[in-house]
Amino acid sequence: MSSPRSFSLIPRGRRLVSLTLGVFLAGAMAFSGATAAQAETYDPITGTGSTWSQNALDQWRKNVASNYGMTVNYSGTGSSAGRRDYIAGTVDYAVSEIPFQANPEDGSPPEVPPRGYAYMPIVAGGTSLMYNLKIGGQQVSNLRLSGDTIAKIFKGTITNWNDAAIAADNPGLAMPDKGITPVVRSDGSGSTAQFTLWMSKQYPSIWTTGMTSQYPTLPNFKYQSGSSGVAGYVSQNYGEGAITYVEYSYAMQAGFPVVKVLNAAGYYVEPTSNSVAVALLKAQIAPDLTQILDGVYNNADPRTYPMSSYSYMIIPTAVGGVFTTGKGKTLSTFAKYMLCEGQQQASDLGYSPLPMNLVIAGFAQVARIPGTVVPAFDPTSCNNPTFKPGEDPNNNLLAQTAAQPAECDKKGPNQCTTGTGGAAGTETAVSGSGNGGSASGGSGSGTGGGTSGSSSAAGGAVDEYGNPVSGGTSGGGAVSASPFTLAQDSWGAPQNIMLAAGLFVVLAAIVPPFVAPQMQRVLGKKKP
Amino acid sequence: MANSRTPVLEAERGSEKQESHEPVAGRRSLVSKPSRSDSVFRNVSYGAGMATVGIMLAVGIFLTLRATDALGVAGFSFLTEQEWSPETQKFGIAAVLFGTITIAIIALCVSVPLSLGAALLISEIVTPKVKTALITLVDLMAAVPSVIFGLWGVFYLQANVIPVSQWISTNFGWIPIFRVTNAAGELATEASAFTSSAFIAGIVVGLMVVPTQTSVMREAFSQTPMGEREGALALGSTRWGMIQTVVLPFGKGGIIGGVMLGLGRALGETIAVYMIISPIFVINWELLKTGTNSVSSLIALRYGESSQFGLSALMAAGLVLFLITLAINFTASSIVARSRSGAESG
Amino acid sequence: MTLIPEAAIPGTPGTPDAQTSSLAAPTANPIVVPLTIDPLAPPATAFVESLRDDGTVNLRARTFIPNSEGVETAARRHIHGTPLEERFNVFGAAAAGISVAILLFGWFAPLTGQVGWAVIAFIGFLGFYAVLVSLKADGQEVKDRIMISLLYSAAVILIGALLFVVIYTLIRGQEALPHANFFFDTMQLAGPLDPLTVGGISHAIMGTLMQIGMALSLAVPLGITTAVFLNEIGGKFARFVRTISDAMTALPSIVAGLFVYAAIITLITHQRSGFAAAMAIMVMMLPIIIRASDVVLRLVAGNLREASYALGSTKWRTVWHVVLPTARSGLVTAVILGTARGIGETSPVLLTSGVTAVMNLNPFDGPMISLPLQVFAFVRSPEPNMIARGFGTAAVLLLLVLTLFALARVFGGRGPGQLSVRQQRAVVARSGRDAVRLTISAARRERALELAQATAGSASSTTAPKETLS
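Chains as they are written, first to last, in the working numbering: chain D, 187 to 714; chain X, 32 to 377; chain L, 68 to 537.
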């Protein structure tokens with residue numbers, strides 16, 4: 187009879203559980219009440235896609251949350267996954283560098299979204315080549331490469347930093363004997379698509395596999411997922427010798443330099459917001475706002491960064507999937523914010539703001555969102571840094587004011603010492619045949635070269651920009667011209683002697699205890 | 032009690048049942064009709080069993096059905112093809128499965144000596160107080176989430192294991208699997224050639240499965256009959272002699288079972304592997320060299336960007352992994368059940 | 068059958084080899100033993116055969132203590148504890164090993180790396196230790212010492228490595244943990260570049276609690292009822308259920324996530340949500356809970372059940388009042404273990420829950436992040452602050468899981484029916500009270516009886532003692 191009583195703990199435990207649950211639920215309700223009160227005017231929206239533009243979206247997401255109390259979820263899963271999610275209807279919007287692939291070059295079936303969609307450009311940027319390279323233990327921050335060299339590196343045909351092609355691009359650097367580790371994306375990515383598109387258009391003889399979102403498997407390449415994955419790998423200590431393609435903002439964040447890429451005018455240019463803006467003046471915009479970048483790749487303006495492109499938000503033009511008109515209100519307000527105010531932060535983040543013509547076109551797309559609340563485009567209320575009210579929409583203020591590249595960035599024997607990307611503060615002294623010069627990228631006019639101490643020390647003939655013409659003597663503080671070699675760890679005679687000494691010490695420790703008893707026995711036998 | 036129950040039952044059963052309780056001549060039925068509460072209970076239990084089986088079969092059947100789409104297209108080449116490109120109908124799990132298995136084997140190489148040693152120490156050598164503490168600690172470690180092992184692997188181990196890999200590759204490079212070559216086919220010495228390798232992933236996964244293995248083995252060892260242990264000691268054996276001659280043979284089933292269970296978990300591990308490796312789709316025999324792959328990290332990597340057919344291919348890969356794990360688990364449990372230690376534990 | 072000849076007793080001087088061989092293989096043929104008769108042994112006439120040659124029992128045979136007079140016995144084996152000398156040996160060998168490693172790395176050879184140092188030091192230690200032990204003991208003993216020191220090293224490496232993983236996470240998490248906002252804020256207002264004083268993981272904590280709560284509210288009743296079904300009802304179908312659920316423990320968690328992604332997200336809900344994540348966790352946890360509860364319920368002693376049935380209770384009452392309460396602590400452990408697994412798994416939620424920076428308390432609409440996924444999302448960023456947040460989140464997750472596990476130990480430390488000290492004390496007190504009550508009522512009844520006898524003088528009640536029993 188006593189057994190039920192002895193287990194009377196059970197109801198008590200249950201009571202405890204229900205009490206906890208009650209408290210928990212009450213707390214949850216309090217929470218939801220609070221959030222509902224804050225964001226009562228906007229339904230939360232969710233999107234996935236590109237990691238290329240994720241830094242900008244994260245910043246904007248945060249801004250609209252604090253300014254409008256708007257909940258915008260964004261998850262950088264890669265452009266391919268974003269487009270796939272849009273097709274599946276599991277997100278309200280997606281972000282991708284490339285449009286839906288109606289005729290994919292790799293032979294995969296076409297991507298056809300079941301509900302209406304439109305492309306809205308959100309930001310421009312340069313696909314930069316972030317690298318981690320040291321010469322003599324010192325970070326290199328002024329590397330420059332020509333397009334075909336880049337294509338060969340990412341095809342796996344150039345595998346060492348001291349390759350002649352790289353040395354030819356960098357006359358001021360004594361390239362080390364170090365293997366190149368190309369770090370590429372393991373997930374389906376718009377960055378990969380843009381990068382392979384550029385290679386396949388410009389260097390079809392080197393890059394033969396066409397545009398692809400999935401990077402092909404190549405020996406000794408490193409595959410990481412997401413822009414942060416590749417950037418994170420390059421910025422590790424063990425990432426020395428690595429190079430990757432990633433949006434400029436990631437290099438800025440990680441504090442690592444980016445490659446200055448040779449453009450059609452013969453200048454090595456860094457992907458700053460200005461050089462991207464200049465380059466994109468030659469982008470052809472199709473009626474659906476998608477980009478045709480052949481003109482950008484070969485833009486003859488010396489300020490051009492050739493691998494510039496726009497990133498797009500895929501916005502719904504019909505209700506479907508999880509998208510409702512209530513969400514349309516949020517999405518349209520968010521889109522307006524991105525096109526106007528949001529662009530002010532683009533340069534700081536490492537992107538380039540959209541020019542006026544794309545903003546106007548973007549507004550036209552926003553108007554197609556079901557439930558949109560955004561009025562027609564009004565240049566006076568749109569605080570976009572690329573234009574002032576009343577200007578020709580095809581102009582771009584940034585491009586007009588962009589500085590000419592420094593003369594030391596021209597293809598030839600001279601090489602600027604100024605750092606790039608996130609390592610802009612780090613100068614890299616140059617030596618050898620070329621001489622230094624520093625470029626102040628982006629602010630006002632180009633200052634030309636000749637400001638670095640090393641070149642003035644050289645003396646001799648000086649050209650009109652103050653650079654020495656003859657490159658016989660190298661400046662002070664320059665990196666040694668002898669290739670950097672790893673510390674010798676070969677086994678030589680001293681090591682043998684040392685090892686012998688070590689063994690001797692060990693023997694000296696071990697032998698006596700063994701020998702002593704025997705010796706004693708021998709001595710003991712002798713005594714009597 | 033018995034007296035008091037009958038009226039209750041009478042009331043529950045209703046009037047027509049009462050006839051059977053009237054005193055009658057002949058045999059009394061030993062089978063009682065279940066009460067209403069009992070039949071409810073029985074039905075609810077059956078229902079729960081059905082629901083469980085329903086859920087589990089739904090998973091299994093759904094996986095199989097969806098996987099057949101892809102398997103039908105790929106056919107036998109699903110097991111031999113290395114490339115993974117379901118969009119172009121060219122896909123197979125040869126490289127992925129190879130990577131999965133190498134990682135699991137490396138994990139076992141790390142975990143088996145550690146878990147065997149620790150299990151023997153805990154069950155045979157330390158004092159009871161220490162024993163309890165160690166058992167708790169090891170069991171506690173079995174609950175550490177795998178993402179934490181992944182963090183440790185990426186942020187600590189990766190950088191610190193490179194010199195070890197370099198050392199192994201320089202000194203044992205004559206063994207093909209320890210060789211690390213660069214693009215030119217020479218021995219590579221750069222740090223970046225050694226990152227994100229199967230070796231690093233294997234170490235992390237190995238540490239992850241060690242606690243599970245240890246507790247399975249310890250459980251088996253602790254069931255060694257005291258008489259046999261004492262017999263060995265009474266015959267003048269040393270402690271190790273006793274372990275070697277009594278405990279190890281007795282616990283053989285437990286050892287194999289533990290190893291297999293660990294293997295099963297190592298094969299299915301996702302997130303730690305995903306964080307560490309650099310996924311490639313070719314078979315890489317150089318275990319210390321960057322680049323490997325695993326089925327579960329392939330799924331984690333590609334599920335989002337896959338079309339319906341791509342998902343089907345991923346499910347086929349998942350199904351293969353599931354079947355392998357299943358086979359390993361059943362083998363393990365049958366070995367354990369057949370062994371002496373398993374038989375005695377019932 | 069013969070009594071063991073004296074000479075075969077281990078420790079006698081003439082037979083060290085026989086001793087080792089018989090130990091090396093316990094199943095070795097016992098015939099080996101009598102063959103090693105030592106000349107020093109007493110004459111064979113001293114042996115008394117228990118059986119005569121014709122097979123009849125020799126009544127003179129009796130157990131006797133063998134005469135060990137004049138027989139040299141070997142030193143006693145140390146099988147417990149470590150004598151002082153032994154500790155000294157260990158200490159000396161360790162010192163020597165470390166010194167050799169330092170010498171080799173510091174002066175002699177171009178060796179580098181901490182791991183290499185540790186390996187050399189360890190090998191040195193083993194070598195020196197073997198030498199030191201062999202000064203005093205035989206080969207068996209040396210082998211024993213070396214193997215046991217290997218066992219110790221394995222355990223030290225294992226425990227050390229596991230603790231290091233945990234402590235590393237906690238230490239790296241210290242950067243983010245001291246900020247109170249880390250526990251009470253969400254990441255909604257925190258951008259990529261914001262310092263640690265902005266933003267927190269309350270949304271992930273809530274997400275984890277809600278997801279695991281939903282998963283448990285489905286998995287626990289279903290799992291335990293199924294386990295009860297397996298044990299109490301049985302039959303062919305129960306065997307089938309057991310096979311299936313055993314098979315499902317082999318399901319890799321990512322495949323469970325993939326199933327939910329393909330079956331629920333792409334076909335039904337069309338969005339990643341907390342509910343989908345809870346389903347994935349449930350599918351993963353259910354077999355674990357079933358299996359663990361099944362084991363626990365199987366341990367409930369059959370006589371308890373039989374006693375209950377014998378008292379006439381129904382199956383349902385037996386299960387509810389006897390089986391489940393008896394197995395309660397074990398069931399709690401099973402559930403908590405399943406919970407710990409479910410909370411810590413990243414791969415199912417990676418596919419199903421979606422990533423968000425805001426508090427979402429509606430499990431059916433919109434992404435709802437959980438702690439492990441938040442860790443994963445944080446550390447993908449190259450930003451140092453984000454990585455610090457990732458480690459902070461990992462530390463929170465770790466502490467949560469370890470707390471759950473500690474709870475499981477507290478509840479599950481005892482087998483079914485075993486009581487804690489407090490419960491035991493309560494039982495003792497209760498039975499004491501019962502005793503007092505019984506004594507009092509017995510005395511009262513006796514007095515009543517006497518009274519009745521005194522008044523009626525004839526009637527005697529035999530039912531009274533029965534009542535006291537009931």
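Take these hints with a grain of salt, some might be off.
Below, simulated EDC-like cross-link-like pairs (lysine to aspartate or glutamate); rule was C-alpha separation at most 16 Å, straight line [stated by the list, open to error]:
no., chain 1, residue 1, chain 2, residue 2
1, D, K387, D, D474
2, D, K320, X, E217
3, D, K364, X, E250
4, D, K364, X, D100
Under 10 Å between C-beta atoms, here's a sample of chain D residues computed to sit facing chain X [unchecked claim]:
no., residue
5, T345
6, V369
7, N423
8, G425
Simulated from the structure, these hints should not be mistaken for lab results.
For each residue, glycine too, the CB sits at the ideal point set by N, CA and C.
Taking the hints in turn, this is what the structure says about them:
{"no.": "1", "hint": "D:K387 - D:D474", "result": "violated (22 Å)"}
{"no.": "2", "hint": "D:K320 - X:E217", "result": "violated (22 Å)"}
{"no.": "3", "hint": "D:K364 - X:E250", "result": "violated (52 Å)"}
{"no.": "4", "hint": "D:K364 - X:D100", "result": "violated (47 Å)"}
{"no.": "5", "hint": "T345", "result": "holds (4 Å)"}
{"no.": "6", "hint": "V369", "result": "holds (9 Å)"}
{"no.": "7", "hint": "N423", "result": "holds (6 Å)"}
{"no.": "8", "hint": "G425", "result": "holds (6 Å)"}
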